[in-house]
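**Student:** In case you want the letters, here they are:
There are 2 protein chains.
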Amino acid sequence: MSTILRKHIERITPLTDSEFDYVLAHFSPRSFKKQQYLIQEGELVQNDFFVLSGLVKSYYTNADGKEHLMQFGMEDWWITDYQAYFNQQHAQLNIDCIENTQVLCLSLHNREKLCAELHKMEHFFRKKSNAGYVALQRRILSLLNNNAQERYESLLKLYPELFQRVPKTLIASYLGVSRETLSRFSSKADLK
Amino acid sequence: MSTILRKHIERITPLTDSEFDYVLAHFSPRSFKKQQYLIQEGELVQNDFFVLSGLVKSYYTNADGKEHLMQFGMEDWWITDYQAYFNQQHAQLNIDCIENTQVLCLSLHNREKLCAELHKMEHFFRKKSNAGYVALQRRILSLLNNNAQERYESLLKLYPELFQRVPKTLIASYLGVSRETLSRFSSKADLK
Numbered sequence: 001m002s003t004i005l006r007k008h009i010e011r012i013t014p015l016t017d018s019e020f021d022y023v024l025a026h027f028s029p030r031s032f033k034k035q036q037y038l039i040q041e042g043e044l045v046q047n048d049f050f051v052l053s054g055l056v057k058s059y060y061t062n063a064d065g066k067e068h069l070m071q072f073g074m075e076d077w078w079i080t081d082y083q084a085y086f087n088q089q090h091a092q093l094n095i096d097c098i099e100n101t102q103v104l105c106l107s108l109h110n111r112e113k114l115c116a117e118l119h120k121m122e123h124f125f126r127k128k129s130n131a132g133y134v135a136l137q138r139r140i141l142s143l144l145n146n147n148a149q150e151r152y153e154s155l156l157k158l159y160p161e162l163f164q165r166v167p168k169t170l171i172a173s174y175l176g177v178s179r180e181t182l183s184r185f186s187s188k189a190d191l192k
Numbered sequence: 001m002s003t004i005l006r007k008h009i010e011r012i013t014p015l016t017d018s019e020f021d022y023v024l025a026h027f028s029p030r031s032f033k034k035q036q037y038l039i040q041e042g043e044l045v046q047n048d049f050f051v052l053s054g055l056v057k058s059y060y061t062n063a064d065g066k067e068h069l070m071q072f073g074m075e076d077w078w079i080t081d082y083q084a085y086f087n088q089q090h091a092q093l094n095i096d097c098i099e100n101t102q103v104l105c106l107s108l109h110n111r112e113k114l115c116a117e118l119h120k121m122e123h124f125f126r127k128k129s130n131a132g133y134v135a136l137q138r139r140i141l142s143l144l145n146n147n148a149q150e151r152y153e154s155l156l157k158l159y160p161e162l163f164q165r166v167p168k169t170l171i172a173s174y175l176g177v178s179r180e181t182l183s184r185f186s187s188k189a190d191l192k
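Chains A and B supply the protein sequences, listed in that same order. Just so it is clear: in the first sequence, position 163 is 163 by full-length UniProt numbering, and no numbers are missing. Just so it is clear: in the second sequence, position 71 is 71 by full-length UniProt numbering, and no numbers are missing.
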C-alpha cells in the first residue's frame, strides 16, 4: 500500500529508496470502519491523514445542528482539519468514513521534522499546500458566485468518481443546495 | 522599505544580511496609483505581489457584471490570482488599487529559484501557504454557514484597520451582503 504514497510524492519530487523508507517511517497506518470518526469536533488534532483506500468526508456542524460539507477525501488525497492541525488546536470539523478507510497518519511534529531534514520534502509539502490553496480559492469563487448549477457541473467534471460513490444527499450538502435541486441538475446532465 | 519584507520573512525564518540581499534581488519594485490595476482578468499572471504600502482588492466579475470580492491586500500582505500564477494561466480575477500602492513583484520563476537554492525560503513559502490555506478554510466555513452577522464580526476582529480604510460598499461585497444589511451590523456593533 505504501507505493501509493511513494507515487504520490514522486509526482512532485523523486526520492531514493532509502529516502522513501525514511519518510515512510514517520507515518503510522490506521484503519477505520464505515461511520467511524478520524476526527471529532473538540478533539486536539494530532494528525494529517493520507488516504490509502476508502472515502471520508469533513464537515462543520453549526449551532442548529445543520451539517456543512467541507471536503471529501479518497485514495491519494490528504485530509484533516488544517486550521486545528497547523495551530495544534481543537477541531472545529468532524471527519468520518463513508466507506471503510485506510490511512497513513502524519503528526505535525513528524511533518516539520521531515521538512527540516529533507529539503525535498519541504518542497513537496509546499507544492501540495499551493495546490490546496488554489482549490480553496476556486471553491470560494464558486460559493460567492453562487450558481449551484455551475458548482454541480464543475464538481462532476473534477471528480466524476465521487458521483458513483457518494450518496446524493452529501453531494447536495457539499454544493449547498437541497436534495431536490440536485436531482434537477442530475436529470439535466443525463440529457446531455 | 525593504525592511518590511525582511521583518516579514524573519517572523518565520532568520536570514543573514547577504541572504536577504540575495532574496531581495529577486523582487522588483512597482508603484501603482489609486484605481490602477495590478492584474486584469484575462492577462497572463506573471507575479505575486508583496504590498509595501497602500491597499488593493482582488475580485471576480461574473457574467452579469456583478463583482465578488475575494481578498484585500495591505502592507505586509501577499496578493495575486494564485490559481493563474501557480499554473501560469490567464487571470480570472482583477486586482486594483483602493489607495496608491507600492509593491514588490516576485515572478514564479524567481520564487521557484529562491526555494530551490535556499531551503530557508522554501520553508518560508511553505509556512505562508499553510497559513493562507487555513485562512481560506475559515472563509469557506463562514460562507457555508452563511451567517453574515458572524462574518462581519470576525472580519472586524481580524482586521479592524480595514474598516477605517475600505469603503463600506466593498466590505459589504466581501461579506456577500447588501450595503443596508451591513449598516444594521455596524450600528449593532457600535452599541456594544
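Worth flagging that the hints you see were computed from the coordinates, not collected in a lab. Keep in mind that the hints are not guaranteed to be accurate.
As the list claims (entries may be wrong) - 16 Å max Cα-Cα, derived EDC-like pairs, lysine to aspartate or glutamate:
hint, chain 1, residue 1, chain 2, residue 2
1, B, K127, A, D96
2, B, K120, A, E112
3, A, K120, B, E117
4, B, K120, B, D17
5, A, K33, A, E112
6, B, K168, B, E67
**Student:** Kindly indicate which numbered hints from before are broken by the structure, ordering the numbers from low to high.
**Tutor:** 1 and 5
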